[in-house]
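Letter by letter, the chains look like this.
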Amino acid sequence: MTDPILIADSIDVRFGDFQALSGFSLSVQPGTIHALIGPNGAGKTTLFNALTGARKPSGGRIVFDGHAVTRTSVHRRVHYGMSRSFQVTALFAALTVAENLRLAVQARYASEGWIFWRSPHRRHDIRDEVDALLAETFLTDRADTRTGDLSHGGQRSLEIGMALAGRPKLIFLDEPLAGMGIDDVHRTKGLIDSLRSRMAVLLIEHNMSVVLDISDRITVMAAGRKIAEDIPAKIRTDPAVRTAYLGSTA
Amino acid sequence: MHATERFPNLATAIVLAALVVLPFTVPATLASQIAIFATGALSVVLLLGAVGLLSFGQGLYLGVGAYVCGILVRDAGIGLIPALLVASLSGAVLAGLLGSVIVRRHGVYFVMLTLAFAQMGYFVVLAFKSVTGGENGLSGLPRQFDILGLSIADPLSMYGFMAGAFFLVFLLVQRVIASPFGSVLAAIRENEPRSEALGYPVARYKTAAVALAGGIAGLAGGLHVIFLGFVPPSDIELEMSQRLLVIALIGGIGSPGGALIGSAFYTIVSEALSEIWPRWMALIALLLIGLVLFLPGGLWSAGRRISALFERKIAHD
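Quick mapping for you: the protein sequence lines, in order, are chains L and B.
When we follow our numbering, the leftmost residue of the first sequence carries the number 1, and every step to the right adds one.
When we follow our numbering, the leftmost residue of the second sequence carries the number 251, and every step to the right adds one.
Just to be clear, a hint being listed does not mean it is correct.
[Claimed, not checked] Below, computed lysine to any residue pairings styled on SDA-like, alpha-carbon distance capped at 20 angstroms:
(1) L:K234 - L:S194
(2) L:K56 - B:P443
(3) L:K56 - B:F395
(4) L:K56 - B:E442
(5) L:K169 - L:K234
(6) L:K56 - B:L533
In case anyone wonders, no lab produced these hints; they're calculated from the structure.
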């Protein structure tokens, strides 16, 4: 077995008196799709926030690609190769779709953002990369649309595109399919499935048929703890999982 | 979006034309003041328009630039240009230092910190009376300067210098807004946590913008004392911060061209009204209320709306 790209060891997160995550451990293998499932309030997004640095854990240790990142800032983790999409769409609404992606690509070149004496459009390599991302997220004909005017499904796709622009080693996708129409779900599922060849994927998703279909490994959470972790076929039949989660929806 | 950000553009031509026409429409001394306060207002346009940071304290950096420039040309005997550069640099360094602390707070706390530091500046000036002249300010500055063999003594040559300085800063601000750096500032304005999540060190970018704006305000302060021939303590009072903010809002923060229109409007109106009615500020306040309610983009956006109407008409014909 290769070394995990991400190791989280005994992560604790508290909100006041509420223990959102207690002693949570997780490891993600490179080149795999690893899904996190569990009922609402299980702490999935909290775990994402802790792992990506948006919320510092009160206890535990996070190692990413050989770097100890437990206390590292969000932007530094991005440069190590983490990148995320958001559950609640968080885009630059007043800017165009292409400009959103351009900003995301530009962020990877640490010095480019400090250049103040010329236009951003001189960088043809960045523009080509934006074009490729537009195509990959099915947004090419929406490139000049103001992002706030994009359909919900389009915004969800752009969320994924923004995260991909960082060329991450591990991408965190928080409910990428939520609220998408059936066609978009199908296309986006194919896109996520194809990412495996380039990066590891940590996925929060409620669409069980998709999760069971594309994941290499599934971790089931409830009330801030891990209750099971296995390959999809085993998770499907795990009695504890059925009671805690699948039972309520099946 | 891209069309309006192109550089140099129509706005550049309009601003240049306005600068040329200005001394033939109003007295040259008034025109100089317009150019000086327009320069100061550019620092507000940069912060509020490009990054979305509301600073109530740009007067502090203008005041620091004023005192530094005043002391340098009076006591150190260095030339006009080096004195202005050092004045600008002092504004930038101070703003960078304070900014690195202030930018870590958001919203109303950010505003309160800018206000508190600005207020502190005034009391520092009063406390160090031997250096700053206290409430009397600094007088005895030279009234004549030479740059590259050209003499600056009469009101018109003075205006030429002030207008040139404003135009350079205007070009700089325009250039910065339409650069990769400016695009990051716009991203921070639109969605700060997302910018951080993309990998931009947001606090560092905001500090850089605050320092740049401080440098611009510092330069405006230097220009003001060169024009006046003395350093008035009012340059570092809270009222100066307020004036720069009001000018920027009247002109419109969406474009650096707004600073010039706002300054022209404010300076001319205050000059005309202060002679007939000492409470003229009340009218400025009323005007500001009207603008906020009916023309949030400021006077500059009125021009843009009219030109849009005009273009539509041409398209119809």
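Need the list of violated hint numbers for this structure, in ascending order.
1, 3, 5 and 6
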